[in-house]
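Peer 1: This is what each chain is made of:
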Amino acid sequence: MKRVLWFASLALIAVLALSGGAVAKDPKDVHVALVMKDLSNRFFVEMKWGGEAAAKQHGIKYTPLAPEKYAVDNQIRIMEDLIQKKVDAIVIVPIDGAGIVSGIERANKAKIPVFNLNTLASGGDVIGYAGVDHVILGQILGQYAVDTLKGKGTLVILEGTTGASSAIERLEGMTAVLKKASGIKVLASTTAKYNRQQAMKVMEDLLTRFPEIDMVLCANDAMALGAKEAIKDARRKILVAGIDAIPEALEAVQKGELGGTVDSNGFDQGFVAVDLTAKYLLKDQKPPKDTKVGAGQPTIITKNTVAAFEKAKIEKFKKFGVKMD
Amino acid sequence: MTLSGRGLFRLAAVLLILAAAWAFVPRFGTESNLINLLRQACLLALIAAGVSLSMLVAGLDLSIGSVAALSSCLAASLIVQGHAVLGVVAGLAGGALGGMLNGFMIAKLKIPFFIMTFSMMFIIRGLAMTYTQGTSIHGFPPSFTWLGKSFLGPIPMPVILAAAVLGLLHLLLTKTTFGRITYAVGANADAARFSGLAVDRTLIQVYALSGCLASLAGLVYIARLNAADADLGMLWPLEGIAVAVIGGIAFSGGEGNILGLVLGGIVMAVVGNCVNLLGLPARFQDFFIGFVIILVVLVDHIIQSRSKAVK
Chain F
1 MKRVLWFASL ALIAVLALSG GAVAKDPKDV HVALVMKDLS NRFFVEMKWG GEAAAKQHGI
61 KYTPLAPEKY AVDNQIRIME DLIQKKVDAI VIVPIDGAGI VSGIERANKA KIPVFNLNTL
121 ASGGDVIGYA GVDHVILGQI LGQYAVDTLK GKGTLVILEG TTGASSAIER LEGMTAVLKK
181 ASGIKVLAST TAKYNRQQAM KVMEDLLTRF PEIDMVLCAN DAMALGAKEA IKDARRKILV
241 AGIDAIPEAL EAVQKGELGG TVDSNGFDQG FVAVDLTAKY LLKDQKPPKD TKVGAGQPTI
301 ITKNTVAAFE KAKIEKFKKF GVKMD
Chain R
1001 MTLSGRGLFR LAAVLLILAA AWAFVPRFGT ESNLINLLRQ ACLLALIAAG VSLSMLVAGL
1061 DLSIGSVAAL SSCLAASLIV QGHAVLGVVA GLAGGALGGM LNGFMIAKLK IPFFIMTFSM
1121 MFIIRGLAMT YTQGTSIHGF PPSFTWLGKS FLGPIPMPVI LAAAVLGLLH LLLTKTTFGR
1181 ITYAVGANAD AARFSGLAVD RTLIQVYALS GCLASLAGLV YIARLNAADA DLGMLWPLEG
1241 IAVAVIGGIA FSGGEGNILG LVLGGIVMAV VGNCVNLLGL PARFQDFFIG FVIILVVLVD
1301 HIIQSRSKAV K
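If you read the protein sequences in the order shown, they are chains F and R. Just so you know, we're using my numbering here: the first sequence kicks off at 1 and counts up by one. Just so you know, we're using my numbering here: the second sequence kicks off at 1001 and counts up by one.
Quick caveat, the hints were computed from the structure, so don't treat them as lab data. Backbone N, C-alpha and C fix where the C-beta goes; we use that ideal spot for every residue, glycine too. One or more hints might be untrue.
[Claimed, not checked] Residues from chain F shown here face chain R by an in silico Cβ test under 10 Å; the list is partial: (1) LYS86; (2) VAL202; (3) PHE210; (4) ASP214.
[Unchecked claim] Heads up, simulated DSS-like pairs for lysine-lysine below, C-alpha to C-alpha not over 27 Å straight-line: (5) R:LYS1110 / F:LYS255; (6) F:LYS109 / F:LYS237; (7) F:LYS232 / R:LYS1110; (8) F:LYS237 / R:LYS1110.
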């Protein structure tokens, strides 16, 4: 009898030990957090939905977060909290690629895998990076200007937040295309910090400075919408275009108030990042070093194409069961 | 009080800056730019009005930007449904309510004003973001956008509004009991309390008024932008303080003339305008503003200590 008990307990221990590894891989116990820049921006709200859709597919626990104040220190504080809570992985969208490094290093020390999304971090160990190619987005916007102006005219550029990698790359894409069109003159290129209020103010001053402007290219839609109001108030007619394809911009494109916008695909970015991270945790698949989300796909959305674009997008959200509220 | 001397110094400084800009900055003196400047200056003065009131009672209201964002988003929801008047009233009432909460906690529960309004800045911004879910509320009817977009002759409506509001505030602060108590509380709250003045009530009123003014600025801004979103007024507390300090409102409380905000607004607007007209990088604007603030306060101190020495 004693012998049987002994064997039984040995068998039990063996079973527990063997299943131990498998239990850790139960999706229900896997918790991934997505730390974004700012949830007051529709782009990141769609990114949040993308992450949610991927998490649902894998059946894992998912927490989307963003700092109250647009500052990298606050993102690091959120990461520290997540390390304390012992989440299984963190997907980080750094406000500042250099500033976030100490946060990533802290997660490294706690052996919590970090996936880098959207804005490249300049240090620390990450399991992979995914992002949209901002240079391509800028190129598409620049090409739109060259095509609409037929290679001849004047324009001003409103840049994103100085120093942000997306701002640098979007500008790089725009200028690369515009440089080739010798008939197009860039009168001014200045920052309006990705902000609508700021863009309206800067545009008011630029309208005074230049009596003739044919087109305004903006590194995001919020600035395009702010610039548009300033132009309307000054009773001038200038074509404005932006990037991100936020709903309000699409509406304005439909009405002919904005010339066009480029989709930067927030939903897909969130989806890809959480999907790759979940596969790493559940199936031990190492993500590729650099995943380009929707590369080659983005095109300019104009009055002619906006209806088809919106229809396709809503169908996609429905397919993934996203609650759009 | 050496108001004449110090007020004159401020006026002279503003005139000097204007003259310099006129002489050296191309297209500065064009009619369209001057109207543009006047509007920017008056909006800044309006933003600073609430902060200035709290500074007069030796406090500070850091929540104005957040209060403006939440109240104008709430108002915007009503306005897009066609209820322009109701929206404006609701927005102003919401701002006053938020301010009243600030005042109550500060006056009655003795929470330090900095901590209270600093926390409210985050709480209310969070509420605004939750409310809008990252979208904007946009497309207002003309019955509302005139607040920000219309003109009376050549004068933009925000300028007229700001003039009316600052004029009324000036009367309120100089001609009424409320005004006298406000300055007394700012100069020495304990002394005011011992002389039997209603210090707590005044504090609550001042912060409520500050919240209400923040909402008004928010409404004018969303009317101009033709859209409201949760990140309206992120920098308003800082811009407001800058305008107030340049305009002569003392941080220590109980000192300063609300009409000085017009001068502060002009200085801030001219610096930003010139940086853009000259095509300088935007960072120069921050640099110059910081420089101007220190310069103004420094010269102010010198004049003040001189006039004391004369006495």
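Peer 1: A separate judgement is required for each hint: does it hold in the structure or not?
Peer 2: Going down the list of hints, with the structure as the test:
no. : hint                 : result
1   : LYS86                : violated (26 Å)
2   : VAL202               : holds (6 Å)
3   : PHE210               : holds (9 Å)
4   : ASP214               : violated (18 Å)
5   : R:LYS1110 / F:LYS255 : violated (53 Å)
6   : F:LYS109 / F:LYS237  : violated (56 Å)
7   : F:LYS232 / R:LYS1110 : violated (48 Å)
8   : F:LYS237 / R:LYS1110 : violated (55 Å)
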